[in-house]
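Residue numbers (the working numbering), protein chains in the order written: chain A, 1 to 77; chain H, 1 to 77; chain B, 1 to 157; chain U, 1 to 157.
A portion of the hints provided could be inaccurate.
Chain A is faced by these chain B residues, among others (derived, beta-carbon under 10 Å) [to be verified]:
hint, residue
1, Leu5
2, Ile123
3, Thr134
Here are the simulated EDC-like cross-link-like pairs (lysine to aspartate or glutamate), alpha carbons at most 20 Å apart as the crow flies [to be verified]:
hint, chain 1, residue 1, chain 2, residue 2
4, U, Lys126, U, Glu39
5, A, Lys16, B, Glu50
6, B, Lys26, U, Glu91
7, U, Lys60, U, Asp10
I should point out that these hints are in silico values taken from the structure, not numbers from a laboratory. Where is the CB? At the ideal position from N, CA and C, for every residue including glycine.
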Amino acid sequence: MIKILLFAHLQEAVGKGEIQLEIGQTTVEQLKAELQQKYRIAGLEHVMIAINEEYALDNSIINPGDTVAFIPPVSGG
Amino acid sequence: MIKILLFAHLQEAVGKGEIQLEIGQTTVEQLKAELQQKYRIAGLEHVMIAINEEYALDNSIINPGDTVAFIPPVSGG
Amino acid sequence: MSDALFEIVDVPVRIEQLIKKVERRKAGAITTFIGTVREWTKGRRTIFLEYQAYIPMAIKMLAAIGEEVETKWPETRIAITHRIGRLEISEIAVGIAVSSPHRKAAYEANEYAIERIKQIVPIWKKEHWDDGETWIGDQLENVPYSSGFPSVEEVES
Amino acid sequence: MSDALFEIVDVPVRIEQLIKKVERRKAGAITTFIGTVREWTKGRRTIFLEYQAYIPMAIKMLAAIGEEVETKWPETRIAITHRIGRLEISEIAVGIAVSSPHRKAAYEANEYAIERIKQIVPIWKKEHWDDGETWIGDQLENVPYSSGFPSVEEVES
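Excised from the complex, chain A in its bound form (with noise of 0.2 Å):
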């Protein structure tokens, strides 16, 4: 099971902040492939990974037991 976090947008496209999936050991593509068919989530190309807190790439492992938190561009300061 990994654990996934959303925020601004995409949270409230999804309707919750986070989602548990089952799911065994997978990349980061594959995971945003997945999430983008399953709620229909635009604009993902623009959103960036991260993998227990630290950015991640495209070809990033995930692996059960993580948290993958998906970062809209941010907009602080």
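Position chains H, B and U against the provided structure of chain A, taking the given hints into account.
Same frame as chain A, now just chains H, B and U:
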């Protein structure tokens, strides 16, 4: 009569912050020379002059009634 | 606000408290940057803002910016507090304080920090206008990204 | 401290009070510069400082810098307070606050103001070291003047 204001090391060199001089119309250059001689102050070439709170040039005219400030290199901030 | 140098808070940012965190006897200059909620943006009126953060990661990223700063400008010390939740016009969203023996580094490091915050810290702003609301994406004024976001290479550089 | 934008005071400089003077609903950025008394300068230890000013002219010159700033960066507002008298280590000698709709101008205008203060405002600093004391002349770090002082042409430019 003109009023002369002295600051920082000039004030300490002369021993007071204010001098009244009984002279008629003069120029910045002449006044500097006069004070240099009278009080034996060194380094007046690095000192700016303000007439009535405005920076002046060497050939600026000083009239009786003016307040003339001797302004050593500043070090505020 | 606590004593921590890098904080996400949901209470007003106190600038004098922030300054205290970076004061040192060897510092001769302290710069602060205060980002406030502006009423007008490109002709559109903001009623209030709402900030959301991925808090633990945001704090880590603020600390990472602190490390970058203290590497680039060795004698500086920096503290950053970002507020989240609802903010009214003129309230402080972010405060950055940098102390340094000399002023040049204090200005440069401070400006660098706010640019980096806008690049890598997971915080989002929702604008509430009088005619609608929206989450704001990339709002960098000076750094153009073709994707609207820095690449990981840039983030990790 | 009063409500005046440009002040010479003989009491502690309060930064939050200074910031209040430049806050505006259209400002999104406020920068402050705080010049504090540094303990060590080039290996020499300062015990305390003493500042003297030609007060009426110093206030006029601060206001002149304010006009320069608001001409060069049209949407900014600036406030400056300089303290005189005896100051201990870490106390604030000068505070500068600049507000602006955008941050770039707030940084630039602020840095410009401190440079100008060091050029044209009739204020003098006496260093009291553990082994002596002296009035400090030109201490500009970045702007070399052959005479140790800006010419009137530069002052009036």
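Open item on the list: Min Cβ distance, isoleucine 123(B) to chain A: is it shorter than 10 Å?
Closed with: holds, 3 Å
Task: chain A contact restraint for leucine 5(B) - C-beta distance below 10 Å - done: This hint is violated: leucine 5(B) lies away from chain A, its Cβ roughly 17 Å from the closest one there, beyond 10 Å.
Open item on the list: Please verify whether lysine 16(A) and glutamate 50(B) have alpha carbons no more than 20 Å apart.
Closed with: Since the Cα atoms of lysine 16(A) and glutamate 50(B) sit roughly 17 Å apart, the hinted pair holds (cutoff 20 Å).
Open item on the list: Against the 20 Å threshold, does the CA-CA distance of lysine 126(U) and glutamate 39(U) hold or violate the hint?
Closed with: holds, 14 Å
TODO: Verify the proposed pairing of lysine 26(B) with glutamate 91(U), using a straight-line Cα cut of 20 Å.
DONE: holds, 12 Å
Open item on the list: Tell me if the straight-line CA distance from lysine 60(U) to aspartate 10(U) falls inside 20 Å.
Closed with: Cα-Cα ~17 Å, so holds.
TODO: Report holds or violated for the interface hint on threonine 134(B), using the least CB-CB distance to chain A and a cut-off of 10 Å.
DONE: holds, 8 Å
In summary, the one numbered hint that this structure violates is 1.
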